[in-house]
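Colleague: Residue-level listing of the chains:
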Amino acid sequence: MRCPRGTDVSVGAISGRVNLVGTFGSVKVSTVSGSIEVDTAEGDVDARCVSGSITVKSCGGRCDVTSKSGRVRVERVDGAAHASTISGGVELGTSGRGEVELKMVSGEAKVKVLETKHPRVRFQSLSGKMLCECEQGSDFDLKVRSISGSLEVTGE
Amino acid sequence: MSTTRTAAPANAVQGAIVFTDIAGFTEFTAVRGDEAALELLAIQERLIRLEMGEHGHIVKELGDGLMLWFEDACQAVSCSLAFQEEFERRSSAEDMPLWVRIGIHYGRSLKRGNDVIGHDVNVAARIVDLAAPGEVLVSEATAARVTEDGTDIGFEEIGPAMMKGIPEPVQIYRAVRA
Chain E
2 MRCPRGTDVS VGAISGRVNL VGTFGSVKVS TVSGSIEVDT AEGDVDARCV SGSITVKSCG
62 GRCDVTSKSG RVRVERVDGA AHASTISGGV ELGTSGRGEV ELKMVSGEAK VKVLETKHPR
122 VRFQSLSGKM LCECEQGSDF DLKVRSISGS LEVTGE
Chain A
2 MSTTRTAAPA NAVQGAIVFT DIAGFTEFTA VRGDEAALEL LAIQERLIRL EMGEHGHIVK
62 ELGDGLMLWF EDACQAVSCS LAFQEEFERR SSAEDMPLWV RIGIHYGRSL KRGNDVIGHD
122 VNVAARIVDL AAPGEVLVSE ATAARVTEDG TDIGFEEIGP AMMKGIPEPV QIYRAVRA
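As given, the protein sequences belong to chains E and A, one line each in that order.
Using our numbering, you'd call the opening residue of the first sequence number 2 and step up by one each time.
Using our numbering, you'd call the opening residue of the second sequence number 2 and step up by one each time.
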């Protein structure tokens, strides 16, 4: 299916892969077991699936991504980001202009701060470890909660 | 066999069906042990009963989750949000990285002893699968009834969701405090 650049898109699928190629407005996608890939959303993204992986290359607004058992990867988000997964890992790149909140059970979280911003990091975990190679400050909040997963934060 | 519905059977009830699920329960049990897991389930049930009061009841326990039934959709959503707020407050204060996911659908179900069954029960069970940790997701049928009642509850559109075994897409909303 083709649509004009900047179109708002809502897609629901059970087991098929949803691949949004190009530049969209806001994006809302849900699947049961299919993976989700989004190139560029100028607005907000809400992507969720039960068992597939989720990849968002660029989100200009708020980004909400959740997968029960798949990997979550957001290469760049300019707004607030909320990502969660029960058994997959999370990789997220943030411009540091909005809060970042990750909720994970056992996977690893890697957060890259893409601009010269200093996060206020709060990591809560029962057994996971944190490695922060980025100078901390008060530019934005980075909250990560995990039962056993670890967190790695890097700067530019 | 005909599936045409005629008059509503005597055991048919209209109401909100709520499913809860503790995200990470298995891992929590592995790290903290069986006794802590049992205590966690007790906390969940205690908080639910506290917020629910006389407005609803626990239909049954489902492993680490609960199935609840409310006559009023507004009470179901309000109770679920209040429960999430209290659970979040406690888990933050007690350094317990755990969350509950909640899914709600309003519709018709049939009583079978203390249980309720039916298509709308199945829809509610599928909605919780899509919820993020700490989230309350509701169907359009639920949101419509809450909007009519007018409360401090708001809804953010998530979009259409296809669900395994459910032929029609279901419009999903995230319930939030307005």
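Quick caveat, the hints were computed from the structure, so don't treat them as lab data.
Small disclaimer: the values here were computed from a predicted structure and weren't measured.
Every residue, glycine too, gets a C-beta built ideally from N, C-alpha and C.
Do not take every clue at face value.
[To be verified] If you anchor each label on the Cβ, the simulated ranges turn out as follows:
{"id": "1", "chain 1": "A", "residue 1": "Lys165", "chain 2": "E", "residue 2": "Lys58", "range": "23 to 31 Å"}
{"id": "2", "chain 1": "A", "residue 1": "Gly155", "chain 2": "E", "residue 2": "Gly156", "range": "30 to 38 Å"}
{"id": "3", "chain 1": "A", "residue 1": "Val32", "chain 2": "E", "residue 2": "Leu132", "range": "29 to 37 Å"}
{"id": "4", "chain 1": "A", "residue 1": "Glu55", "chain 2": "E", "residue 2": "Gly17", "range": "19 to 27 Å"}
Colleague: Any of the earlier hints contradicted here, and which numbers?
Modeller: Violated: hints 3 and 4.
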